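J.: Sequence:
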Amino acid sequence: MTSEKKSPLFSLPELREAGAATTLYPLSAFRAMAAAAEGVYRTIRESGSQAEVVSSMQTRVRLYEILDYHRYERKLDELFGSKS
511 MTSEKKSPLF SLPELREAGA ATTLYPLSAF RAMAAAAEGV YRTIRESGSQ
561 AEVVSSMQTR VRLYEILDYH RYERKLDELF GSKS
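Residues in the sequence shown are numbered from 511 upward in steps of one, following my numbering.
Worth flagging that the hints you see were computed from the coordinates, not collected in a lab.
The model shown is predicted, which means the values in this text are computed figures rather than measured ones.
Just so it is clear, CB atoms sit at the ideal spot from N, CA and C, and this is done for glycine as well.
Do not rely on the hints blindly, as some may be mistaken.
[What the hints assert, rightly or not] Computed spacing ranges between beta-carbons, pair by pair:
{"#": "1", "residue 1": "542", "residue 2": "522", "range": "14 to 24 Å"}
{"#": "2", "residue 1": "538", "residue 2": "580", "range": "46 to 56 Å"}
{"#": "3", "residue 1": "588", "residue 2": "514", "range": "45 to 55 Å"}
{"#": "4", "residue 1": "545", "residue 2": "582", "range": "21 to 31 Å"}
{"#": "5", "residue 1": "525", "residue 2": "570", "range": "31 to 41 Å"}
{"#": "6", "residue 1": "522", "residue 2": "572", "range": "23 to 33 Å"}
{"#": "7", "residue 1": "555", "residue 2": "531", "range": "39 to 49 Å"}
{"#": "8", "residue 1": "571", "residue 2": "550", "range": "32 to 42 Å"}
{"#": "9", "residue 1": "517", "residue 2": "569", "range": "35 to 45 Å"}
Please work from the sequences and hints to get the whole structure.
T.: The following block contains the structure:
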C-alpha cells in the first residue's frame, strides 16, 4: 500500500481481516514532517521570520517530554557527575 493513490488505503481492521499480522508505516510521519518543514521554510523565506508559524511548532517543553530528556540528563549526571 502506498499513500500515492496507486492502491487503496486499507484500515488496520481490514488488514487484520485479510491476514496481515504486522503493518508498518515507515515514511508516513517523515513525509508529514517534510511537508510541514516546507511550509515553515516557505513562510520564513516569504515573510523573513518564523513568527507566523511559531504557534504550529512543537514547544521545547513538549519535545523534552516526548524524549524524556530530563531522565537522560539525570543519567548523564549519574555516570559522569553533575557540573552544578
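J.: Would you mind marking each hint as holding or not holding in the structure?
T.: Evaluation of the provided hints:
1. Checking the proposed 14 to 24 Å range against residue 542 and residue 522 shows it holds: the Cβ atoms sit about 18 Å from each other.
2. Under the hint 46 to 56 Å, the C-beta atoms of residue 538 and residue 580, about 29 Å apart, miss the expected range.
3. The beta-carbon spacing between residue 588 and residue 514, approximately 47 Å, falls within the hinted interval of 45 to 55 Å.
4. The given range of 21 to 31 Å is respected by residue 545 and residue 582, whose C-beta atoms sit roughly 29 Å from each other.
5. At roughly 37 Å, the beta-carbon separation of residue 525 and residue 570 lies within the given 31 to 41 Å, and the hint holds.
6. The hinted window of 23 to 33 Å between residue 522 and residue 572 holds, with their beta carbons roughly 26 Å apart.
7. A hinted range of 39 to 49 Å for the beta carbons of residue 555 and residue 531 is consistent with their spacing of about 45 Å.
8. For residue 571 and residue 550, the Cβ-Cβ distance of about 19 Å falls outside the hinted range of 32 to 42 Å, so the restraint is violated.
9. Separated by about 37 Å at the C-beta atoms, residue 517 and residue 569 satisfy the suggested range of 35 to 45 Å.
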